[in-house]
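Q: Fit chain W to the given chain P structure using the hints.
Protein chains in written order, with the working numbering: chain P, 3 to 348; chain W, 3 to 348.
Keep in mind the hints are simulated off the structure, nothing from the lab.
Some clues are possibly wrong.
[To be verified] Pairs of lysine to aspartate or glutamate residues, derived as DMTMM-like cross-links and limited to a Cα-Cα distance of at most 25 Å, are as follows: (1) Lys266/W / Glu250/P; (2) Lys266/P / Glu250/W; (3) Lys58/P / Asp243/W; (4) Lys76/P / Asp243/W; (5) Lys266/W / Asp274/P; (6) Lys76/W / Glu131/W; (7) Lys58/W / Asp243/P; (8) Lys266/P / Asp319/W; (9) Lys266/P / Glu251/W; (10) Lys266/W / Asp319/P; (11) Lys266/P / Asp274/W; (12) Lys266/W / Glu251/P.
Number of protein chains: 2
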Amino acid sequence: MIIDCHGHFTTAPPALGQWRERQIKAFEGSGARVSPDELRIGDDEIRAAIENGQLKLQRERGTDLTLFSPGAGKMAHHYGDAETSLVWSRVSNDLIARVCGLFPDNFAPVCQLPQSPGASLTASAAELERCVTELGFVGCLLNPDPSDGYWQAPPLTDRVYYPLYEKLVELDVPAMVHVAMSRNDAVQGTCAHYLNGDTTAFMQLCQSDLFRDFPTLRLILPHGGGAVPYHWGRYRGFLLDRGRPPLEESLLGNVFFDTCVYHKRGLELLTDVVPAANILFASEMIGAVRAVDPETGHRFDDTKALLDAIPSIAPDDRRAIYGGNALRVFPRLVARLQDKEKEAVR
Amino acid sequence: MIIDCHGHFTTAPPALGQWRERQIKAFEGSGARVSPDELRIGDDEIRAAIENGQLKLQRERGTDLTLFSPGAGKMAHHYGDAETSLVWSRVSNDLIARVCGLFPDNFAPVCQLPQSPGASLTASAAELERCVTELGFVGCLLNPDPSDGYWQAPPLTDRVYYPLYEKLVELDVPAMVHVAMSRNDAVQGTCAHYLNGDTTAFMQLCQSDLFRDFPTLRLILPHGGGAVPYHWGRYRGFLLDRGRPPLEESLLGNVFFDTCVYHKRGLELLTDVVPAANILFASEMIGAVRAVDPETGHRFDDTKALLDAIPSIAPDDRRAIYGGNALRVFPRLVARLQDKEKEAVR
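With the rest of the complex left out, here is chain P (with noise of 0.2 Å):
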């Protein structure tokens, strides 16, 4: 089984981004609120924005099951107040429990949560609870910078965030650390802003003794973990001469990347350097980068087709790379197959 560890409906159906455009410009103009019930989305338009986006692609790839969240730079959590950003979050994880109510065999929820510059994170614990618990979610989306490129909140490892990690850790459930949009013109969003979001956020965690007090807690690094790999022996050499514990001691217990790195080289890099414990296999389709490489033949985003040409990965760790650590890492997703599994047989 092939699980797409990172996957967002970038496809939705238009009526989800004009309602939230109405949310913003009330707020904007007058504070006021739009109701969720004037979003109104048929099951047939949902089904058309899927079977013709992600499962499609899933189909020619041969990938089995994509964890599906909202658009990851459509959470803008700058917009708004903490309300803004509640509401917004429910209609958009209610909207991918839709999507795996509909295609139960290929997509799984992750959900985003209400984060709001300088709002506390007990929101966000609650949302997590109410997709976990009563909607069936496996995971979060973590947004390491609520100002949307800026950088205005404490790191990660903040009390702040304690909260959302207590609830994360009791429900079994990991996040991934994924900034949402940029909105600040000199940091571009896909290619710089979701890059340095992802590194930074390393970095934070490479401080910091955060799995001493949630040794349980998982994060998941997108993006092929920003510029860490590429620059492993920086991070060796920074604990080394703090006198920290090294990576694997530290933060490889508890820490992910993902294959969104969108060449054969850089994959190589990432298996070559990183365990294959710590990789999970994603592509972000249909996301960053749409083209087709000219030199491949292959959509970019395409990365099973480009590590299915990466011999140098064993049998064992491509299988663990391919399926195993996510259920692994998401263990919420083992319970929900076997439930899948039972209700085949009756």
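A: Quick look at chain W alone, frame taken from chain P:
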């Protein structure tokens, strides 16, 4: 001849840092200025700092010449006002000129610029001109984030930077795009902000036509280009998606990467992915990481030992990376070396 294009005076005599502290405190306290005349550093102190520091390592590693600039983190452009930054830049640059005067065979000077949040770049252009024409400098450092960790400035491709670029072109010297310190608790300096700065600057260039306006402008991205070579496919795909010309056409005539990547696998990726003509040897010794790597027995920043151990680099490419490219990118270095030869003949 092996040229290290990236070295900072991180071992400067303590009097320099003490003067800078007084400068900052006086301005923050009452807006007062501290005269550069209050800084006294003897030639013997400079000799000791260099002979026990960068020169010792040059000899041990078998490199010949370091392009030497003030401490990058210590540029700290956010402190004080434009005048603070101008005086600090002159003090720092004058000290670099003295180092290179005392050790003309081993060091060539690169200046910092008196950037300041919100200030125009005319003072930077003037200080560049002073350093190049009066003191024999061959390049400069350009900070893409004078806010030091919050990215408050427009992108490097904004017209506000054009007076500096005009001067760089007129004087035929390149700029290394290097952030200074991070004063943002969420974004550590050497292992997050530095790499993010490189990634962000590269993406700014990908989005613009800067080099149409300045076809001979040359920019060096330090730290192996941040996340860029590891995510080369992402950038290629981004340009294709937007119908922009490929990297070879749009950027690689003007943008160069240094080799400050502190493990062999990272340098293999760099030298595989980026054309050899765009790579300049560098170590940034004595800098971000000072430990010896127990896996190699060399210091992490001994990039020469790492590159020497990569057999896939063709001999011509190796010569270009180790020095040929630097002579091309820093043409004033050629003139400087020729002057020295003439002096030696006399």
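Q: Hint by hint, note whether the structure agrees.
A: The hints, checked one at a time:
1. Lys266/W / Glu250/P: Given that 25 Å is the threshold and the Cα spacing comes to 19 Å, the pair holds.
2. Lys266/P / Glu250/W: 19 Å, holds
3. Lys58/P / Asp243/W: Distance of about 20 Å is within 25 Å: holds.
4. Lys76/P / Asp243/W: This hinted pair holds, its Cα atoms lying about 20 Å apart.
5. Lys266/W / Asp274/P: 11 Å, holds
6. Lys76/W / Glu131/W: Holds, at about 22 Å.
7. Lys58/W / Asp243/P: Roughly 20 Å separates the two Cα atoms, so the pair holds.
8. Lys266/P / Asp319/W: Given pair Lys266/P, Asp319/W holds - Cα atoms ~22 Å apart, limit 25 Å.
9. Lys266/P / Glu251/W: 22 Å, holds
10. Lys266/W / Asp319/P: Distance of about 22 Å is within 25 Å: holds.
11. Lys266/P / Asp274/W: 11 Å, holds
12. Lys266/W / Glu251/P: 22 Å, holds
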